[in-house]
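Protein chains: 2
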Amino acid sequence: MVSSSSSRPVSRPVRYELLTLGDELLLGLTANGHLTFIGAQLGRRGVMLQRNVTITDEADAIERQFRESWAAADVIITTGGLGPTCDDRTREVLATVLGQKLVFDPATEKAIVERFVQFGRTPTANNLKQAYRFERGEVIPNANGTAPGLWVEQGGKVLCMLPGPPNELQPMFTEQVIPRLAARGLLLEREAYVQIRSAGVGESLLETKLQPIFDRHGDALSIAFCAHQGQVDCRLSSPSGKLSHAEIESVAAECARLLGEDFLCYGHDSMAKVCADLLRAQEKKLAVAETATGGLLANAFTAVGGACKFFAGGVVCCSNDAKMQLLDVPECLLLQHGAVSAEGAVAMATGAAETLGADYALAVTGFAGAGAAEGAGGNPVGTMYIALHAPHGVWSKKLSYPGPRGTVKLRAVNAALDWLRRELYRAQTGQALPERRSGVMQ
Amino acid sequence: MVSSSSSRPVSRPVRYELLTLGDELLLGLTANGHLTFIGAQLGRRGVMLQRNVTITDEADAIERQFRESWAAADVIITTGGLGPTCDDRTREVLATVLGQKLVFDPATEKAIVERFVQFGRTPTANNLKQAYRFERGEVIPNANGTAPGLWVEQGGKVLCMLPGPPNELQPMFTEQVIPRLAARGLLLEREAYVQIRSAGVGESLLETKLQPIFDRHGDALSIAFCAHQGQVDCRLSSPSGKLSHAEIESVAAECARLLGEDFLCYGHDSMAKVCADLLRAQEKKLAVAETATGGLLANAFTAVGGACKFFAGGVVCCSNDAKMQLLDVPECLLLQHGAVSAEGAVAMATGAAETLGADYALAVTGFAGAGAAEGAGGNPVGTMYIALHAPHGVWSKKLSYPGPRGTVKLRAVNAALDWLRRELYRAQTGQALPERRSGVMQ
Chain A
1 MVSSSSSRPV SRPVRYELLT LGDELLLGLT ANGHLTFIGA QLGRRGVMLQ RNVTITDEAD
61 AIERQFRESW AAADVIITTG GLGPTCDDRT REVLATVLGQ KLVFDPATEK AIVERFVQFG
121 RTPTANNLKQ AYRFERGEVI PNANGTAPGL WVEQGGKVLC MLPGPPNELQ PMFTEQVIPR
181 LAARGLLLER EAYVQIRSAG VGESLLETKL QPIFDRHGDA LSIAFCAHQG QVDCRLSSPS
241 GKLSHAEIES VAAECARLLG EDFLCYGHDS MAKVCADLLR AQEKKLAVAE TATGGLLANA
301 FTAVGGACKF FAGGVVCCSN DAKMQLLDVP ECLLLQHGAV SAEGAVAMAT GAAETLGADY
361 ALAVTGFAGA GAAEGAGGNP VGTMYIALHA PHGVWSKKLS YPGPRGTVKL RAVNAALDWL
421 RRELYRAQTG QALPERRSGV MQ
Chain B
1 MVSSSSSRPV SRPVRYELLT LGDELLLGLT ANGHLTFIGA QLGRRGVMLQ RNVTITDEAD
61 AIERQFRESW AAADVIITTG GLGPTCDDRT REVLATVLGQ KLVFDPATEK AIVERFVQFG
121 RTPTANNLKQ AYRFERGEVI PNANGTAPGL WVEQGGKVLC MLPGPPNELQ PMFTEQVIPR
181 LAARGLLLER EAYVQIRSAG VGESLLETKL QPIFDRHGDA LSIAFCAHQG QVDCRLSSPS
241 GKLSHAEIES VAAECARLLG EDFLCYGHDS MAKVCADLLR AQEKKLAVAE TATGGLLANA
301 FTAVGGACKF FAGGVVCCSN DAKMQLLDVP ECLLLQHGAV SAEGAVAMAT GAAETLGADY
361 ALAVTGFAGA GAAEGAGGNP VGTMYIALHA PHGVWSKKLS YPGPRGTVKL RAVNAALDWL
421 RRELYRAQTG QALPERRSGV MQ
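Protein chains in written order, with the working numbering: chain A, 1 to 442; chain B, 1 to 442.
Bear in mind the hints are in silico, worked out from the structure with no lab data behind them. Be aware that one or more of the hints could be misleading.
Given that identical chains are not distinguished, each listed pair holds provided it fits within a single copy or across any two copies.
Said to hold, decoys possible - Listed next, the in silico DSS-like pairs over lysine-lysine satisfying Cα-Cα at most 27 Å (straight line): (1) LYS273 to LYS309; (2) LYS309 to LYS398; (3) LYS284 to LYS397; (4) LYS209 to LYS110; (5) LYS209 to LYS129; (6) LYS129 to LYS157.
Nothing here was measured: the structure is a model prediction, and the numbers come from that model.
Hey, can you work out the whole structure from these sequences and the hints?
Take a look at the structure:
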């Protein structure tokens, strides 16, 4: 149960549930990004959501689920159903279950009207239903939209209702909900687990490699794996409390040493972030050139803060003309070897490095999936060539991935990132490949 | 209840639930793409998932939830928990609830071993636990991984268990699960709703505009809205059956006419797909240049099948040097106006069109969010300039978006796409802006 006077972590785990509302989620029309965002925000503060339930916009379904969840959980966060349109019914249904009235909140009405005025518009009548709050509850202001959030504490439990649009929900959650939960002692100060990330090792092989370390700790240690297209994460925790956080960290360090170059990082950094840190430490610049991955490789790097410091830029080519014009790839090479070839990838990587004045360059070319131009040069769909240009040479590798187009693109991006990471890691530790080769490895 | 002999739709709605298993989902470490994928696959066949529950890997939690869901639903699909590692317990727990034994399946063992041999590896002991199936159930072969799916029909209900990796699950679902469900009369032949997509109109204004049309149909028509960063979808259906599918389509056509240029499409096409169709119809080519959106604009177009036919290519610039070298942007322009300026965006768009030999070009430059280089030229974070180069002129617009970096990037991409779409639409209908202006609109 929630103790609103305590500022320390409660002794028994607080049960958090997330209710995400909306037919559009169940129809697959919108990804459930709220689970990802709120789950991560809580996870990094020592709390694991115990359940996420996504239900339809039907009032009966909302009522049935909320009754069940409210009985089971200590903290319930809901998302969606606070909008202005006729299918937004959550506020009314939850008020009924909690035995509360909804009351009109003039301050909220004022904020809604002001927001419309700011954008030179007039609120429509349906907007004003967003100005209702629970009679015994608070309003969580929304700086980026018209639907405010709602906060209720009742019977030792917390209900927190947030609007669906992510650009509204996310700042409300970090700036207003997290501090409220922390003030009530409902969050911890650090993650509930220690995560190590690995690359280039399958999930089952990773477990087999690490098992001798795990075995020494028996059931004191809880282990979970999560595979993401060429990267496998391993989370270590001790739900029983038999191992301290420092002891878990020491186990993680032992795993990292055993993994050697396959160890990516502790925590949550992306592969691009790890590469970015290595590039910055070595004061090197990177460029990319891509066809089938269509901008995702460039985006992986530009998603890292301060990308301008290490990322010179990228080129997305959809034709031989573009490769020739932007990357100086010789036409004769494309005619001789084909656009999807090891030689083509090498020429793209070198062209990107030279055009953009970068020390390292990655290139990806290939057939990502159904709908791609198929079969040129006898390459089946899923065939990709990646190339790495480094100060001491340039190499190409052939990859072959099964699966849908989106997966193939992601795996190719991750394979390219991992190759760069290993090369930068070796350069940093003085173990760069000694050969100054220039050519093609298949 | 499921009637396995019927090949026609059952008379009362079949209740589908999806159980997605895995701590990594609840900790926000992996997006719940299974809900998006399976929800859309079923939605397009007339079925709306009634609930998606995501729970932890704890055996107790799995058992409790499965008992409840099995009592309530007709068809349960589970994802995850079939892997080789110690935290994969779903198979065992569900067998207990169903009162079935797990039996070793030599054919599955053979498939697992062969898959390892194919990749030059040896299965570890933990891999072989994937060779167990329910004693009264079938195996759903997995062409892209070692964990097979499992299929059980019991007590007039269906349980379908699928492995977690999306590149394994997705082809299994479309190629094996959908045909099995269809053969049992558990799917319809078309969507349960008619969707119209709009752009450039807020959710509440859209409802207000369309309300007079909706009012004529009273409660025979069910309406739902879904907003996605500059685009709002509206789904029309008639759960009571009072309106036929043809009547709903006729209402949708009326809405589309009323919306005029704000009408994007029927169904599910992306804004980039709509642009692509217009470009192909007009035999025009497009190029893009971007800074803050980092490759996402290029990726929106390359995600459309056959992109090479209309997409010349893209350039991702992270420095003035890259803009000068790849796009021939004059240095004096960048010095005079700054990198993030209307003039800079115009020069990038024109440079992209000229370098890549395209008829149209889009450029996006700006400060996407915290961590971006801030404040140059007094532009706050969230300020973006987009430019459109067309055969008859070039224009630039200033945008200002609040919110987190990912949202700002997405909104800028959508704003650029929508601008291109309107321009192409006007060109097609002969209503292109008559002025041959070249300059800056703010």
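Against the structure, the hints:
1. LYS273 to LYS309: within (13 Å within a copy, 34 Å between copies)
2. LYS309 to LYS398: between (30 Å within a copy, 26 Å between copies)
3. LYS284 to LYS397: Within one copy, since 23 Å is at most 27 Å while 35 Å is not.
4. LYS209 to LYS110: between (61 Å within a copy, 24 Å between copies)
5. LYS209 to LYS129: Between copies, since 18 Å is at most 27 Å while 58 Å is not.
6. LYS129 to LYS157: within (26 Å within a copy, 42 Å between copies)
The structure fails none of the hints (numbered hints given earlier).
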